[in-house]
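*Asks:* Single-letter residue listing:
Number of protein chains: 2
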Amino acid sequence: MSKIPLAIGIDFGGTSVKTGVVRGCEIIDQAPPIATQEFDSPDDLIRSMVRAVEDLRSRHSDLSCVGIGMPGFVDFEKGLVLNLTNVRGWENVELKKQLEEQIKLPVFAENDANCMAFAEWKLGAGRGYEHLVCVSLGTGVGGGVISHGQMIRGARFAAGEIGQTSIDYQGRRGHYGNLGALEDYIGNKEIARDALSAYRSAGIFKDEEDCTPAALSEAARHGDEIAIGCWNSLGRMLATSVMNACWLLNPEAIVIGGGVARAGELIFNPLREHLLRQLSGPFKEQLAILPAEFGHEAGTIGAAAIALEKISE
Amino acid sequence: MSKIPLAIGIDFGGTSVKTGVVRGCEIIDQAPPIATQEFDSPDDLIRSMVRAVEDLRSRHSDLSCVGIGMPGFVDFEKGLVLNLTNVRGWENVELKKQLEEQIKLPVFAENDANCMAFAEWKLGAGRGYEHLVCVSLGTGVGGGVISHGQMIRGARFAAGEIGQTSIDYQGRRGHYGNLGALEDYIGNKEIARDALSAYRSAGIFKDEEDCTPAALSEAARHGDEIAIGCWNSLGRMLATSVMNACWLLNPEAIVIGGGVARAGELIFNPLREHLLRQLSGPFKEQLAILPAEFGHEAGTIGAAAIALEKISE
Numbered sequence: 001m002s003k004i005p006l007a008i009g010i011d012f013g014g015t016s017v018k019t020g021v022v023r024g025c026e027i028i029d030q031a032p033p034i035a036t037q038e039f040d041s042p043d044d045l046i047r048s049m050v051r052a053v054e055d056l057r058s059r060h061s062d063l064s065c066v067g068i069g070m071p072g073f074v075d076f077e078k079g080l081v082l083n084l085t086n087v088r089g090w091e092n093v094e095l096k097k098q099l100e101e102q103i104k105l106p107v108f109a110e111n112d113a114n115c116m117a118f119a120e121w122k123l124g125a126g127r128g129y130e131h132l133v134c135v136s137l138g139t140g141v142g143g144g145v146i147s148h149g150q151m152i153r154g155a156r157f158a159a160g161e162i163g164q165t166s167i168d169y170q171g172r173r174g175h176y177g178n179l180g181a182l183e184d185y186i187g188n189k190e191i192a193r194d195a196l197s198a199y200r201s202a203g204i205f206k207d208e209e210d211c212t213p214a215a216l217s218e219a220a221r222h223g224d225e226i227a228i229g230c231w232n233s234l235g236r237m238l239a240t241s242v243m244n245a246c247w248l249l250n251p252e253a254i255v256i257g258g259g260v261a262r263a264g265e266l267i268f269n270p271l272r273e274h275l276l277r278q279l280s281g282p283f284k285e286q287l288a289i290l291p292a293e294f295g296h297e298a299g300t301i302g303a304a305a306i307a308l309e310k311i312s313e
Numbered sequence: 001m002s003k004i005p006l007a008i009g010i011d012f013g014g015t016s017v018k019t020g021v022v023r024g025c026e027i028i029d030q031a032p033p034i035a036t037q038e039f040d041s042p043d044d045l046i047r048s049m050v051r052a053v054e055d056l057r058s059r060h061s062d063l064s065c066v067g068i069g070m071p072g073f074v075d076f077e078k079g080l081v082l083n084l085t086n087v088r089g090w091e092n093v094e095l096k097k098q099l100e101e102q103i104k105l106p107v108f109a110e111n112d113a114n115c116m117a118f119a120e121w122k123l124g125a126g127r128g129y130e131h132l133v134c135v136s137l138g139t140g141v142g143g144g145v146i147s148h149g150q151m152i153r154g155a156r157f158a159a160g161e162i163g164q165t166s167i168d169y170q171g172r173r174g175h176y177g178n179l180g181a182l183e184d185y186i187g188n189k190e191i192a193r194d195a196l197s198a199y200r201s202a203g204i205f206k207d208e209e210d211c212t213p214a215a216l217s218e219a220a221r222h223g224d225e226i227a228i229g230c231w232n233s234l235g236r237m238l239a240t241s242v243m244n245a246c247w248l249l250n251p252e253a254i255v256i257g258g259g260v261a262r263a264g265e266l267i268f269n270p271l272r273e274h275l276l277r278q279l280s281g282p283f284k285e286q287l288a289i290l291p292a293e294f295g296h297e298a299g300t301i302g303a304a305a306i307a308l309e310k311i312s313e
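From first to last, the protein sequence lines are chains P and G.
Just so you know, we're using this note's numbering here: the first sequence kicks off at 1 and counts up by one.
Just so you know, we're using this note's numbering here: the second sequence kicks off at 1 and counts up by one.
You may find that some hints are simply not true.
[As the list claims (entries may be wrong)] Listed below are the simulated DSSO-like cross-link pairs for lysine-lysine, each with C-alpha atoms no more than 27 Å apart in a straight line: (1) G:K3 - G:K284; (2) P:K284 - G:K78; (3) P:K78 - G:K284.
Quick caveat, the hints were computed from the structure, so don't treat them as lab data.
Chain P extracted, bound-state conformation:
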């Protein structure tokens, strides 16, 4: 039998909470997903998470810890959920404390984009790098920063929010009052909205479902000029925020994941072109621009990996 330690990874999403047993970079068992919005209070949802963990523990006796990726701000040291972007009622929830009392295993809670970044850094596309910027492209745009071989969490554990950085100081007003936030241009919904309007300007009527990233990707592969134009524009805007992270942090590698990154070269080509054209020598020589290796499992695997690293410190 393998001696690779087992941990529970929990990927807490706005739609569902997924709990799995993780060995290295594999999820070897899973509990049924929990529908996040069906719970009125954190307490009830936490009880449901405890049952999912107990369920898995009944089949795996050698679990050493639990890691949870949360969609919002988490005080990593205390395991305190400060607030969640799209789940009501989660403010100042002592998640680590409550779970540890009920599960009797060490529990660690971390921001979900940091979990994704950690998975890519330790087990995925970013293996071996000491300086890494990870970006996750989906409904929201998140990220994680590794510098000098350390995850940069910042003064209040909130670092890595590349999706909130501005690409235009006079741009669209975002959720936090910030102008020109990257997420407000290349989040899923914004991609669809801007593509619809590009088609409309060309006199072409489309439904919103024709303009999802997946549909735009398909259209572009079939030579649709407007879809190709959308991807070029998205790559260019993404390049600006990534470039800013490069000037600030001088990373060796950029890892791009999340659903939108499945467009592959449609977004990676313009990203690479605009990024490298706007950086000087020490910033671009040997800079690796890589697709993430993990897909929707990154959160679960990363959460478990962070917990395992933490208990071995």
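We have chain P; now place chain G onto it with these hints.
*Replies:* Just chain G now, kept in the frame of chain P:
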């Protein structure tokens, strides 16, 4: 007699090279400045720097090391100057090696904005903070990043270049091909150029010397609406790059120095306003926005402080 160790700090500027004896946060003795552009080759200038150091050593027997701040890219570990922005001929110069051979003291070479950041972090406005972003406003806009109690140098020692980060993905094309670089809006020359054009639009004729940051500052204090407008606009643009650094790094403190920062509240007020309005809770609560404590001596003091820290490791 004080037991505070003495070190040589050298501030290598595009105009002059200033060499001083540093004790703590004080320059207690100085050699005559060397005119940078009078030397055709790095070798000659290095010989002149050696003479300046020997001159100071003849009066201070207990010097333990030499730190040099360079206006460009430096491989800090090797003490290798990769290239300088405004001084020709300085490419791949083994500065540390050459100086150590001639001076017989440990020598450390670092980027000048990092020296300024280090001085503010260890001895100035940023004392006691573990997460800090420093910005230096002058002809160029430079910076330095401290995260988790460590100077972030990046993969190739080039990190901290906040002046090259973009505030507008469709903005002005900068020195490195980057679009909308902060420096191309709030560098000394750009401030003057934009102010001239603001006056011209209002039908007011001004000379370039009426539009230096110092003159604009004076005019604004006397109620000149156009000058006040210029400062508001500068503060707003600076806020965008600082905000981006906050979302990425979640610092506890921002330190702003350099000549342009002497405008004081004229730039700090709009900076503070636009910055805090565009950040969410964990990014802005308890965020300190501070003027630098050191003026033009920051480079010399910081270079010496870095060298002293390095020899005590």
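*Asks:* The structure should be examined with respect to each hint, and the outcome stated for every one.
*Replies:* Going through the hints against the structure:
1. G:K3 - G:K284: Status violated; Cα separation ~40 Å.
2. P:K284 - G:K78: holds, 20 Å
3. P:K78 - G:K284: holds, 20 Å
The structure shown violates just one earlier hint, number 1.
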